[in-house]
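Asker: If you want the building blocks of each chain, they are given just below.
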Amino acid sequence: MALNAQRRNLGRSAVFAMMASLTAFALPQVAHAEYADVVINNYADAAGMRPVIFPHWFHRVRFRCKVCHADLGFQFKAGGNKINMAKIIDGQFCGACHNGEIAWSVENCGMCHSGIPGTPTHFHGSTVQRLIAPTYKALEKPADKK
Amino acid sequence: MSYKAHARWLTALVTMLIAVTAWSSEVLQPAQPAAVEWSSSTDQGSVFAAISESEVMHLADVSSANTFNQNLKKHEANLPPPEDGIHDPNNEATFALQPPKVAFKGLPESTFGNQVDWVKSIDQKALAPRWDRVNPDEEPFVLDMDIVRPVKASMPDVVFPHRQHTEWLACSNCHPAIFIPQKGANQISMSAILLGEKCGVCHGKVSFPIETKTCKKCHSKPKPDDWKPPLSSATVNNPWK
Numbered sequence: 032m033a034l035n036a037q038r039r040n041l042g043r044s045a046v047f048a049m050m051a052s053l054t055a056f057a058l059p060q061v062a063h064a065e066y067a068d069v070v071i072n073n074y075a076d077a078a079g080m081r082p083v084i085f086p087h088w089f090h091r092v093r094f095r096c097k098v099c100h101a102d103l104g105f106q107f108k109a110g111g112n113k114i115n116m117a118k119i120i121d122g123q124f125c126g127a128c129h130n131g132e133i134a135w136s137v138e139n140c141g142m143c144h145s146g147i148p149g150t151p152t153h154f155h156g157s158t159v160q161r162l163i164a165p166t167y168k169a170l171e172k173p174a175d176k177k
Numbered sequence: 186m187s188y189k190a191h192a193r194w195l196t197a198l199v200t201m202l203i204a205v206t207a208w209s210s211e212v213l214q215p216a217q218p219a220a221v222e223w224s225s226s227t228d229q230g231s232v233f234a235a236i237s238e239s240e241v242m243h244l245a246d247v248s249s250a251n252t253f254n255q256n257l258k259k260h261e262a263n264l265p266p267p268e269d270g271i272h273d274p275n276n277e278a279t280f281a282l283q284p285p286k287v288a289f290k291g292l293p294e295s296t297f298g299n300q301v302d303w304v305k306s307i308d309q310k311a312l313a314p315r316w317d318r319v320n321p322d323e324e325p326f327v328l329d330m331d332i333v334r335p336v337k338a339s340m341p342d343v344v345f346p347h348r349q350h351t352e353w354l355a356c357s358n359c360h361p362a363i364f365i366p367q368k369g370a371n372q373i374s375m376s377a378i379l380l381g382e383k384c385g386v387c388h389g390k391v392s393f394p395i396e397t398k399t400c401k402k403c404h405s406k407p408k409p410d411d412w413k414p415p416l417s418s419a420t421v422n423n424p425w426k
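Chains W and Z supply the protein sequences, listed in that same order.
Positions 32 to 177 (the working numbering) are the ones given, in order, by the first sequence.
Positions 186 to 426 (the working numbering) are the ones given, in order, by the second sequence.
If we strip away everything but chain Z, and leave its shape as in the complex, we get (with noise of 0.2 Å):
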């Protein structure tokens, strides 16, 4: 190899290593000037304060008009006499009461009304009410018989247990003021129950509510196989037929 060759591979090793070095100086220890002039400037950083304010303000605005299920009304449900919105919380006998989340410890629950299943509570033999005022021991007349009433319309055919009822209820509650015990004689429709007449004496106010949750408890045989939608009678001249 000649002297000049040897230069050669020295010079180069030299740019390299001129050049690494200051690559590594650049990499290595970041542009501390920039940083100084960043930080000391006070203006920028009050600037940064007042957007980034803003910014949490708007997103909070956001955020609270916009919430999830905001119109799904949920309410916390058997909250002691106090906190209940109806017993004065100025009344010191308010205090007394029993609050129903102790009552109703143990018993099987529901997802509507009470919140207890009531007629599994009896089947159960967690409670025991008493059929008789002061007689403990007198049990009620428990006639099992279901009776099917045939919807017009798409929903599931109506079943009455009478066993449920019995359970609580004498004959004469509901017969035959409220419903006339012979097949046929009783006109039943949703709105009449929702008006508080035949099953919504009771149903919809203290037994249980009517709800989307509740209309299979009634509605509960499904249609026959053959079964169609009836054809609606109403004509241009008749719309409401």
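Extracted from the complex, chain W is given alone in its bound form (with noise of 0.2 Å):
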């Protein structure tokens, strides 16, 4: 009976354990995206839409630098290029090469439209933001926040 006591506590001591370390690892963590990311929210939330994700990961193992920073005339500078939807359509900034031709056309909104609402315009995982406090909104916010 007594081992049988003895049983219980363990099991009991291994549960409580168990569920610290689960409470533990369960918390909400700030999910990082990657790395140069760009959140492009100029006229996005205004408009109803999601704000745009540019994946500079994703262009860089198909092009260079120099051929969207020289040739089409995209500045270094986040939500610095002011482009919009005619611009596109025009054949400017994204439209140069996202008309169907040599990447998937414009009707994929939700492709580039794809960030979380109210997002602001920014470099994701940057040093500078990576130093400072982040200003955007947390996909979790922590329980005792709300």
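Among these hints, one or two may not hold up.
FRET-style restraints, in silico, Cβ to Cβ [unchecked claim]:
1. Thr252/Z - Asp121/W: 53 to 63 Å
2. Val327/Z - Arg161/W: 29 to 39 Å
3. Gln123/W - His404/Z: 38 to 48 Å
4. Val336/Z - Gly111/W: 24 to 34 Å
5. Lys401/Z - Gly104/W: 29 to 39 Å
6. Lys113/W - Pro415/Z: 39 to 49 Å
7. Tyr74/W - Thr296/Z: 34 to 44 Å
8. Ser136/W - Pro321/Z: 12 to 22 Å
Quick caveat, the hints were computed from the structure, so don't treat them as lab data.
Using N, Cα and C, we set each Cβ at its ideal position, and we do this for glycine too.
Make the complex out of the two chains shown on their own, each in a separate frame, by following the hints.
Answerer: Okay, here's the thing in structure tokens:
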């Protein structure tokens, strides 16, 4: 009987330890998107669209920086190009490739407009962003700050 | 041997036998009555349970507060878009986007930024990004020229390699808007870089980040043997000199 009680206690303590470790791991942690992803939210939020996320890494695998930043005239600044859909359909900026010939066309709205609504224009994961507190809304708010 | 001596031996033997049997019964058969008493008392059992539970709770509290390296932030890199924290998982098309890990398979690795060594990727021909928007055969104009910039403080001097940069960029990307192509014409400091000027136009945002791990990528030339740290010209009247 004593042995049984001891076993029960051991089981209980194991359950406690498991719960403690589970809560430690299940706490909301700010997930980090890919370094150099650019969120562009000049006009999207106001127009009721999700902000645009430009993945640098995906384009960098296929093109050198020069193609967009010298030939197509993209400024080295997040949100600094004042891109809108009219310009893209006109073949400027993203529209130079996203025209259904080099890359998929503009009817795939959600492929670019895929950000969490309300996320401001910024370089994601930049050194400066890592040094200061994040200005954008995290995916999950901590339970005590709701 | 006399009869008396025999009797003495016998008594000694008998006492020894008695002692041995007593000892063996004590040792080989543990005190059963005590065990029965202990196990039958249920009160004692519950007290034991209460103590051990509170002890476990206490230990769990302490260990979660004092986890190892709790301030050393380590984030899993290259998560698929729906889990990365900026893509909206409620957007259907988010799930159609390529996860970075799939694209980075087989590329040389690094320990910062994208976790990909982009320069090595091109050098090893693991990647063949286009130099022209439509023509895949156009080759970049590569300029192999290193610029050494002496650093005032004790950090190793900076070597700027044109080769790695011209693999990716055209001259007009940097010259003359960001860097005046003339010796001594450019004031560069780490604060300017962190504020997004000079090298910081790209580094720290898209090309490799500014971290402890990456200092040596630029500050790569050891000081000359006769180098001495400059003496401060600050005075009591002008401490910020």
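Asker: Hints first: check each against the structure and report whether it holds.
Answerer: Okay, the hints, checked on the actual structure:
1. Take Thr252/Z and Asp121/W: their Cβ atoms lie about 55 Å apart, and the range 53 to 63 Å holds.
2. Distance hint check for Val327/Z and Arg161/W: the Cβ-Cβ separation is about 32 Å, which falls inside the suggested range of 29 to 39 Å.
3. In this structure the supplied range 38 to 48 Å holds for Gln123/W paired with His404/Z, their Cβ-Cβ distance being about 40 Å.
4. Our hint of 24 to 34 Å for Val336/Z and Gly111/W holds, since their Cβ atoms are close to 31 Å apart.
5. At about 35 Å, the beta-carbon gap between Lys401/Z and Gly104/W stays in the expected band of 29 to 39 Å.
6. At about 45 Å, the CB distance of Lys113/W to Pro415/Z agrees with the hint of 39 to 49 Å.
7. At about 37 Å, the beta-carbon gap between Tyr74/W and Thr296/Z stays in the expected band of 34 to 44 Å.
8. Here the CB-CB span from Ser136/W to Pro321/Z is close to 21 Å, well matched to the stated 12 to 22 Å.
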